[in-house]
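Please take these sequences and the hints and turn them into a complete structure.
Protein chains: 2
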Amino acid sequence: MDRHIRKIRGGITAAAGFSAGGVRAGIKRSGEPDLALLFSDRRCSAAGTFTTNKIRASSVDWSKCRLPSNAIRAVVCNSGCANACTGRRGVKDTAAMARFAASALGIAADAMLVAATGVIGHFLPIDAVAAAMPELKRKLSDNGGTSFVKAIMTTDRVRKESAVAVKSGRRGYTIGGCAKGSGMIRPDMATMLAFIATDAAITPARLDPIVKRVVNRTFNNLTVDGDTSTNDMLLVLANGASGRAVVGKTALAAFEEGLYAVCNDLCTRIAADGEGATKRVEVRVKRGATEAEAKKAALAVANSNLTKCALFGNDPNWGRIACAVGYSGARFSDRTMTIHLCGIPVFKNLQPLPFDQMKAHDALKKKVVSIDINLGIGKATAVAHTCDFSYDYVKINAEYHT
Amino acid sequence: MDRHIRKIRGGITAAAGFSAGGVRAGIKRSGEPDLALLFSDRRCSAAGTFTTNKIRASSVDWSKCRLPSNAIRAVVCNSGCANACTGRRGVKDTAAMARFAASALGIAADAMLVAATGVIGHFLPIDAVAAAMPELKRKLSDNGGTSFVKAIMTTDRVRKESAVAVKSGRRGYTIGGCAKGSGMIRPDMATMLAFIATDAAITPARLDPIVKRVVNRTFNNLTVDGDTSTNDMLLVLANGASGRAVVGKTALAAFEEGLYAVCNDLCTRIAADGEGATKRVEVRVKRGATEAEAKKAALAVANSNLTKCALFGNDPNWGRIACAVGYSGARFSDRTMTIHLCGIPVFKNLQPLPFDQMKAHDALKKKVVSIDINLGIGKATAVAHTCDFSYDYVKINAEYHT
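Note that the protein sequences, when read in sequence, are chains X and W. For the first sequence, the numbering used here assigns the number 1 to the initial residue and increments by one for each residue that follows. For the second sequence, the numbering used here assigns the number 1 to the initial residue and increments by one for each residue that follows.
It is worth saying that the hints were derived from the structure and are not from the lab. Treat the hints loosely; a few may be bogus.
Note that identical chains are pooled: a pair holds if it fits in a single copy or bridges any two copies.
[As the list claims (entries may be wrong)] Listed below are the simulated BS3-like cross-link pairs for lysine-lysine, each with C-alpha atoms no more than 30 Å apart in a straight line:
| no. | residue 1 | residue 2 |
| --- | --- | --- |
| 1 | K365 | K286 |
| 2 | K28 | K359 |
| 3 | K367 | K92 |
| 4 | K54 | K379 |
| 5 | K28 | K7 |
| 6 | K92 | K348 |
| 7 | K150 | K7 |
| 8 | K348 | K54 |
Printed below as a string of structure tokens:
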């Protein structure tokens, strides 16, 4: 990480001027926390990225049509119910949730963003949401980041929070965030949600392209099972409470770097906590003809069930990796393409390399496994984040609904 | 099935003039049969379809560059070693296997087609192949279809054979075939291979487009796990031994229908025997804007791990089906799209329909499960074949190699 960017403790409330909290509204049958609120003490610049699925939750439509914006004040998010595939009633319920939260906070409903995660095709118990709102408002705290993230979790086993202090020029600012779930463009159905809050001052016009670029390098390279949810959403709110305005090339580059650090950290945490995961996997591609092709190759390997089952079994079956590169559509050189598994060269010049199977087997037992693919053509690179594929993935997803 | 097409017993040797057999050459560590030979007593028209993977086994290159042809006499196929990612030595071994078989049969090596299946990145024990050839030649029999199919199996639990008698005009002919594995364009890594032999007389120029059309409607809509093997291959040999020439519109249509019946039957058998499958799944899409879009929607659902885990758990979680249609790229009508699960209407007008959960749960316990999706736009249809996704899929693929 650059010397201007320092990792600090905290999550969504690490930056000044933000408060957050979460409560049990009774949406989840388990009785776990399921309603979360993030509030800024002043208007924020805000930008976001959303699922590309044509079947979208009404919360996606609500938030997407309001961004980018310079007048966002809060985000309300429920877990336990995706409120997707719920037709007109779903649209009404999303608007009602925004209205209830805005009313409790004393702001306009148009200053609210909405997110949701959970099972598709069930209606939101909107009366329970309304009833919980006063308590949720009372629980808001500038130390409430952890309470917030607990209330947006579904099948997550660990909380995902990350924050950095950015020093740019004389003054600094903070970028903090949290996430839940397991993917973005190809996420686990339990939905990937990420929220980032910063006290930097940046215009929506500058924020928006930076958010899209950073997401393209981080969350869009994250996959657990290749399914793209109806509810995915990443939101970035910048309230300017630090007094530091992000203007000029150097300052914008530092901001982008800081945002990347938080997003990349959240991605690795999501991959490590992928459903049923026993290990995290980084697929690093270099010397691709274009960035798009490097990404295609990395994601094909990261989405290969066969590769991921082999990794679960600590099996150095690199042929499955080569196979996935082969069908990815990325170009590679017959003569200079190489594959390394946990740093061990296994494939070169379209031929197998001799290696110590037991040593490779042991290397695969680590908590983080790397796959390095050199396509041997151009200069483009890409990194995909994923996890292995275990019995527990099947168990979780065969039993999630009933 | 049309009245001109009658299902009969048998497989690759059902048609006249073909003999086949299989032996234990010692390629598989398990000692199971692993070398198979199909022989025609006269020259055949032949056509085929092959994996689209850029990393291809040398057997794919060998066979692909010889088709379509009017001078094919035999097919040699080994299991237990894919002979893929094996560089120049792999290319030489494939040519040697063709030469050994041709020499045993007393034909030119150019009249041989070659196929292989098994683990990637291992060299073929070519001496063992050479040593087994005389016995393989002796075992050739016009009842040898079953012996042949046994020798091409890897993780298959059952043999897949199918045959039809086609009556077209006064005289008839037979189309028989067999297959192994679990997919074609997106098959199980253990490779999908299919061989079809007919005693109809048909020119390569007429055979080739029919084969491509039929494969597009059958094997290309078959998926187990979305991985595309390095070795997939479907070969059709037509030797004319029935004396029946397939010429003219009506006769060609009857031939195509017969070939479709055999290929479709083999597809359903492969889907039912997908790795770890406890049930077969048919995803039927209708009223798509185009055939390509109907196919996209059907394959997105058939490739959705989440949907397939839910089916394994007998969980009527139709939201995962709607979600997969949403990210498939196929257009659908917001107002008239419907989803039926095992015949039960579950989703209409982008809203959930009330249904009896326990009844749906029981319906999902059947050996064959249907998912019907009406996109509500055009007239195109598509059917994808797959299976559910169980613990055993993970088990098989975590432990296959080591």
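Checked hints:
1. K365 / K286: within (25 Å within a copy, 46 Å between copies)
2. K28 / K359: Between copies only: 24 Å across chains, 45 Å inside a chain, cut-off 30 Å.
3. K367 / K92: neither (44 Å within a copy, 41 Å between copies)
4. K54 / K379: Answer is between; shortest inter-copy Cα gap is 21 Å, intra-copy 34 Å.
5. K28 / K7: Neither: 34 Å inside a chain and 53 Å across chains, both beyond 30 Å.
6. K92 / K348: Between copies, since 18 Å is at most 30 Å while 58 Å is not.
7. K150 / K7: within (22 Å within a copy, 60 Å between copies)
8. K348 / K54: For K348 and K54, only the inter-copy Cα distance (15 Å) is at most 30 Å; the intra-copy one is 41 Å.
Comparing the model with each earlier hint shows violations of hints 3 and 5; every other hint is respected.
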